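Enquirer: Let the hints inform the model, and build the full structure from the sequences given.
There are 2 protein chains.
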Amino acid sequence: MSKISWRPGTMVYPVPAALVSVGATPDEWNLLTVAWIGTVCSDPAMLSISVRPERHSFSLIEKTGEFTVNLTTVDMARSVDWCGVRSGAQYDKWKETGLVPIPGEKVKSPTVEQSPLSIECVVRSRTDLGTHTMFLAEVVNVRADSRYMDPETGRFMLEKANLLAYVHGHYYALGDMIGKFGFSVQKKKPEATKKKKQEASEKNK
Amino acid sequence: MSKISWRPGTMVYPVPAALVSVGATPDEWNLLTVAWIGTVCSDPAMLSISVRPERHSFSLIEKTGEFTVNLTTVDMARSVDWCGVRSGAQYDKWKETGLVPIPGEKVKSPTVEQSPLSIECVVRSRTDLGTHTMFLAEVVNVRADSRYMDPETGRFMLEKANLLAYVHGHYYALGDMIGKFGFSVQKKKPEATKKKKQEASEKNK
Chain A
1 MSKISWRPGT MVYPVPAALV SVGATPDEWN LLTVAWIGTV CSDPAMLSIS VRPERHSFSL
61 IEKTGEFTVN LTTVDMARSV DWCGVRSGAQ YDKWKETGLV PIPGEKVKSP TVEQSPLSIE
121 CVVRSRTDLG THTMFLAEVV NVRADSRYMD PETGRFMLEK ANLLAYVHGH YYALGDMIGK
181 FGFSVQKKKP EATKKKKQEA SEKNK
Chain B
206 MSKISWRPGT MVYPVPAALV SVGATPDEWN LLTVAWIGTV CSDPAMLSIS VRPERHSFSL
266 IEKTGEFTVN LTTVDMARSV DWCGVRSGAQ YDKWKETGLV PIPGEKVKSP TVEQSPLSIE
326 CVVRSRTDLG THTMFLAEVV NVRADSRYMD PETGRFMLEK ANLLAYVHGH YYALGDMIGK
386 FGFSVQKKKP EATKKKKQEA SEKNK
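Just so you know, the sequences run in chain order A and B. The numbers in my numbering rise by one with no breaks, and the one at position 98 of the first sequence is 98. Basically my numbering = 1-based index in the second sequence + 205.
Hints were generated in silico from the structure; no laboratory data involved. Fair warning: this is a prediction, and the values are worked out from it, not measured in the lab. A few of these clues could be false.
Chain B stretches covered by chain A per the calculated footprint, using a threshold of three residues with CB under 8 Å from any CB of chain A [claimed, not checked]: (1) 214-221; (2) 224-237; (3) 271-279; (4) 317-328; (5) 378-392.
We put the CB at the ideal spot given by N, CA and C, even for glycine.
Expert: The following block contains the structure:
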């Protein structure tokens with residue numbers, strides 16, 4: 001196989017197609033779609049979003065210093081795309097898409113009701129990089145939709161949410177689960193141990 | 206539906222499970238798996254990776270100021286996981302995984318031969334955030350594997366690469382393509398126009 005060189009470009013994929021909600025009051029609440037987003041620190045939990053200064057929501061992030069990242073699903077794909085193409089200066093994106101804003105808990109920016117998981121953020125720094133300005137933000141709260149909580153174990157079943165991925169101009173659903181983190185070094189349990197564990201767990205039922 | 210609040214956490218998903226290759230010379234070339242990665246600017250093309258300072262590769266990134274981001278596929282999942290769990294201080298990760306380093310083109314860090322697309326980067330800044338240090342880097346070259354180039358059109362068919370996604374402790378394949386960027390506002394072409402275009406295109410064959 002051989003390698004062909006291209007000019008520099010943005011080719012890190014797959015990435016989320018996140019809906020970022022902004023604004024301090026219901027009349028200024030807006031939505032924008034952001035694929036230039038990522039986690040930058042585990043503790044404190046921090047993420048970055050990069051936004052073009054000419055976007056309508058840019059000044060709202062600057063003004064409030066807060067925003068909410070809403071994970072998106074296959075069911076939301078049309079709205080996600082629409083919010084990435086249209087501007088809040090011309091449209092009421094909530095009305096046009098049917099996405100519903102509910103008040104934030106720890107921030108003034110709203111949460112998208114349809115999102116399985118929303119991340120409330122406070123901006124810590126702003127860096128102008130070129131076409132985009134990067135906001136580094138600290139996560140101050142995570143809001144999970146109760147319909148994805150396993151009623152027996154209390155575990156959040158993100159795998160049931162049907163998350164949306166974005167790859168170089170295309171939206172994708174997720175497919176097969178390939179393995180858990182650490183699967184490459186996991187020792188297979190011998191059959192005898194498995195059976196004992198099963199018996200023990202059945203006793204506890 | 207109702208929302209349940211959690212404590213702050215890193216919940217931006219899906220993200221890439223990228224293999225970052227580092228080091229200036231073949232004897233120090235190493236690999237680490239990075240999910241805390243994202244695009245931060247389109248022009249200049251820039252990305253961020255966040256790495257724990259205690260990782261073996263950290264000092265190699267600091268020393269050389271260069272690294273290469275290699276996109277990963279379902280076929281590479283076991284190696285990706287293994288490189289995320291094991292340390293280059295104890296293992297020759299290339300030998301253990303069968304991943305093959307080929308010399309970089311614009312940077313000293315190597316390219317993973319098996320990767321469909323590799324992104325050569327030069328570090329522009331370093332920010333200590335807590336558990337992780339964020340490196341902002343400029344893309345100086347993109348290397349695409351020729352087996353994914355359409356021989357007729359010259360288009361790079363990233364959709365054929367079977368990219369790997371990472372979601373909260375689990376690796377996933379990508380599933381169905383849901384739509385192209387802009388699909389929500391695309392006007393359907395009337396049948397007559399479609400037919401005319403088809404005739405025209407057939408004439409040009």
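Enquirer: Against each hint, give a clear statement of whether it holds in the structure.
Expert: A quick look at each hint next to the structure:
1. 214-221: holds (count 8)
2. 224-237: violated (count 0)
3. 271-279: It holds, with 3 qualifying residues against the three required.
4. 317-328: holds (count 4)
5. 378-392: holds (count 13)
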